[in-house]
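*Asks:* The lines below spell out each chain.
Protein chains: 2
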Amino acid sequence: MSGADVGRALWAAIERRDWAAVEALLDPALVVHWPQSGERFDRAGYLRVNREYPGDWHVRVVQALDAGEQVVTEVEVDLDGRTDRAVSFLHLCAGRVIALRELWAEPFAAPAWRRGWSLPPT
Amino acid sequence: MSGADVGRALWAAIERRDWAAVEALLDPALVVHWPQSGERFDRAGYLRVNREYPGDWHVRVVQALDAGEQVVTEVEVDLDGRTDRAVSFLHLCAGRVIALRELWAEPFAAPAWRRGWSLPPT
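Chains S and A, in that order, give the protein sequences.
Here the numbering used here is used: the first residue of the first sequence is 1, the next is one more, and so on.
Here the numbering used here is used: the first residue of the second sequence is 123, the next is one more, and so on.
One should not assume that every hint holds.
[Stated by the list, open to error] Over the 10 Å line for every Cβ pair with chain A, so calculated as not near, a few chain S residues:
{"hint": "1", "residue": "Asp18"}
{"hint": "2", "residue": "Ala24"}
{"hint": "3", "residue": "Leu26"}
{"hint": "4", "residue": "Val59"}
[As the list claims (entries may be wrong)] Stretch by stretch, here's where chain S covers chain A in the computed footprint (C-beta under 8 Å, at least three residues):
{"hint": "5", "segment": "159 to 166"}
{"hint": "6", "segment": "170 to 179"}
{"hint": "7", "segment": "191 to 205"}
{"hint": "8", "segment": "220 to 231"}
{"hint": "9", "segment": "236 to 242"}
Please keep in mind that the hints were generated in silico from the structure rather than gathered at the bench.
Bear in mind that the values here come from a model prediction, so they are computed numbers and not experimental data.
Note that beta-carbon positions come from the ideal geometry of N, C-alpha and C, so glycine has one too.
Make a model of the complete structure from these sequences and hints.
*Replies:* This is the structure:
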């Protein structure tokens, strides 16, 4: 498996709620960092957050890229009629994720000051 | 210049408000896509949004990665005492950006349901 394949496999296992498969893709020394909130999680904490994340969410991988020592994934997460997006930067060790830096992007309305400068919707 | 160098140069020129240098790094056929709002911009629109973005914002590149056919940059943008983050996916043509997909991530507070599961602040 390429690094990008590991990234895709991780999100697919999360979508399946297959927590044993998720854990098997994570190094025991994993540290997850969500810089927007300052939260950091170890493997057990990250598994718990995913397992107990409220709602009937569904994840799709938009792209997964091998980027030198890192893997970058972009996903869309549907929940309650809304689509959030996440970009994850993964470091791997022996095919398992050992570091995960993740940014979460919420939908927003185009602000008034720049309306009219964008291209027509496709 | 590597693709990652082009990404760094683009952000550095934006931070300097050097719009001629920004324009020189952009292919005339550039399309920018901000999927969170659905906004798309051509080169002129993207330059205008950057030039007229309100406030005394400052951008730092956190990382810039060569990822096959794409370049991925992560930046922090300080504005009014707050730090937002952006991840940009760039496609280049002859050393200039021809496609730019960008996700914007705002700070958030850790929700109550998962407090206590994260690692102590470092």
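*Asks:* Take the hints in turn and mark each one as holding or not.
*Replies:* Now the hints, each set against the structure:
1. Asp18: Given a closest Cβ separation of 20 Å, the condition holds.
2. Ala24: Its Cβ never comes within 10 Å of chain A, the nearest being 21 Å, so this holds.
3. Leu26: holds (15 Å)
4. Val59: About 15 Å separates S:Val59 from the closest Cβ of chain A, which puts it past 10 Å; holds.
5. 159 to 166: holds (count 6)
6. 170 to 179: holds (count 4)
7. 191 to 205: Contact hint for the segment 191 to 205 of chain A vs chain S: holds, 3 residues under 8 Å.
8. 220 to 231: Answer holds; 7 residues pass the 8 Å Cβ test.
9. 236 to 242: Since 4 is at least three, the answer is holds.
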